[in-house]
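Novice: Line by line, the protein sequences are chains Y and C. Residue numbers for the first sequence follow the working numbering, beginning at 1 and rising by one. Residue numbers for the second sequence follow the working numbering, beginning at 1001 and rising by one.
Worth flagging that the hints you see were computed from the coordinates, not collected in a lab. Here the structure is a predicted model, which means the values were calculated and not measured. All residues carry an ideal CB built from backbone N, CA and C; glycine is no exception. A few of these clues could be false.
Dumping the calculated DSSO-like pairs for lysine-lysine here, alpha-carbon to alpha-carbon at most 27 Å [claimed, not checked]:
#1 C:1026 - Y:2
#2 Y:17 - C:1026
#3 C:1194 - C:1258
#4 C:1196 - C:1258
#5 C:1089 - Y:93
Heads up, incomplete: computed chain C residues facing chain Y, CB under 10 Å, no partners named [unchecked claim]:
#6 1022
#7 1083
#8 1084
#9 1125
To spell it out: a stretch of chain C is covered by chain Y in this simulated footprint if at least three of its residues, at any positions, have a beta carbon under 8 Å from a beta carbon of chain Y; those stretches are [said to hold, decoys possible]:
#10 1004-1017
#11 1104-1113
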Amino acid sequence: MKDEATLTEGLARVRAKFLTMVIERRARVATCADIARVRDLEDATEALEEAGHLLHQLAGTSGTLGFVPLGQAARIGTDEIRRALAEHRQGIKHSTPPLVMLLDAFVQECDAVLQG
Amino acid sequence: MRILAVDDDEIVRDLLVEFIDGSEHKLTTAPSASAAWEMITRSGAAPFDCILIDIQMPGVDGVQLCSMIRRRKPTGEVPILMLTARTDKEAVDAAFSAGATDYLTKPLIANEVRARLGLISALQDAQRRQQNASLPLPDRAEPPDWDSPFAFEEPLPVPGIDQVIDFVSMKNYVAQLSRSALFHSSVFALSIRKAKRFHSAMRPFEFHCLITDVAEGIAETFDDPSGFVAYAGSGTFVCVGETRRVADPSALAVRLGKVFNSIELHFEGERPHSVRISASPLHRLVWKSGRSAMQTLYDAFQGGLEAADNPDTLFGHSRLEKLFA
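Please model the entire structure based on the sequences and the hints provided.
Specialist: This is the structure we're talking about:
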């Protein structure tokens, strides 16, 4: 097993790589939010599925690397998108604005992390 | 241990390398289920001692990969830890239905990952010691010799039956249920009357077949399609399900009695014996978690033993209680 110092050093490397990924994923989520902003749920399904997948990945790793608010924003977004899309498939009507708000909140959290 | 970690997220794979890889464990990573399957099935490759699988992956997902591994004979028994950011009952149920041994929620914490792997490593050591002591646990995928003796109290795996999971997985499942799921869930036990006598009089293979038949009967008559059953040893099965669906274990025992009415066991030239099942009271899991949920599972198990009037076991109460620790 690695000692504490080696582990800390390794985690710092992973953290730096993660921040690079946040830049790219933030841009993709912002694009998905823009698509969903001007379409109804039926036409924005693909964009929301992509955003949901990106958020899901960040929800799983942000907390471990110390970015707790980013992880929470990602988790809330993931859960809500999953629920809305599942209910939409069952014929329950949903509108896109609440989901777009969650994506915007996530993008803001990314900005805070990148500026921080 | 030789460990394989499967996750489509590069950051998770990197984190697991930092947490796990070292002198104690050798970690291999795969970015997808198909890449993992290729590594697992590659001829001549050394088998993995443990596999960590992310549930939500594009293409073949983690639950499907878990089922595939369980169905493949040489790897069917390997401990599988599912990794996910989801904690809802649907996700937990799907993982354990597919044969997961345990469940780790993201965000991952280094000490927790290491502790879970330590438990699996200890479990494997204990199984190896038991095999060396000529009391092997039957192998889930390929029983080495079902006629090797095993203790009456041993929680045997019963493979290949929907909703029937092994006892270790059952404990982990109960431990992983979220508060809202616990609120709606209950446990109870079903115990074979005179099970100890059957165990003494039957060949190990026959007793194993009896346990399998009873497990099949329970799974067929169980009222909750999302519930789980595990054989906890001592002729007793522990069951977990939604309270509103499993409210009356005694009625289930009566229905099981009808199923087994036609089955008669013959041994040692004695008169035929029929299989009869008794049920413990229902124990609700509401407001319980962790250790108290495990205690409730143990209380149900004890209730099953008492209802079936099974004599004291060789293990004694303290050792039986340890099974539920």
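Novice: Give a verdict on every hint.
Specialist: These are the hints, each one checked on the structure:
no. : hint            : verdict
1   : C:1026 - Y:2    : holds, 12 Å
2   : Y:17 - C:1026   : holds, 23 Å
3   : C:1194 - C:1258 : holds, 18 Å
4   : C:1196 - C:1258 : holds, 22 Å
5   : C:1089 - Y:93   : holds, 24 Å
6   : 1022            : holds, 5 Å
7   : 1083            : holds, 8 Å
8   : 1084            : holds, 8 Å
9   : 1125            : violated, 17 Å
10  : 1004-1017       : holds (count 8)
11  : 1104-1113       : holds (count 5)
In the structure shown, a violation is registered for the earlier hint numbered 9 alone.
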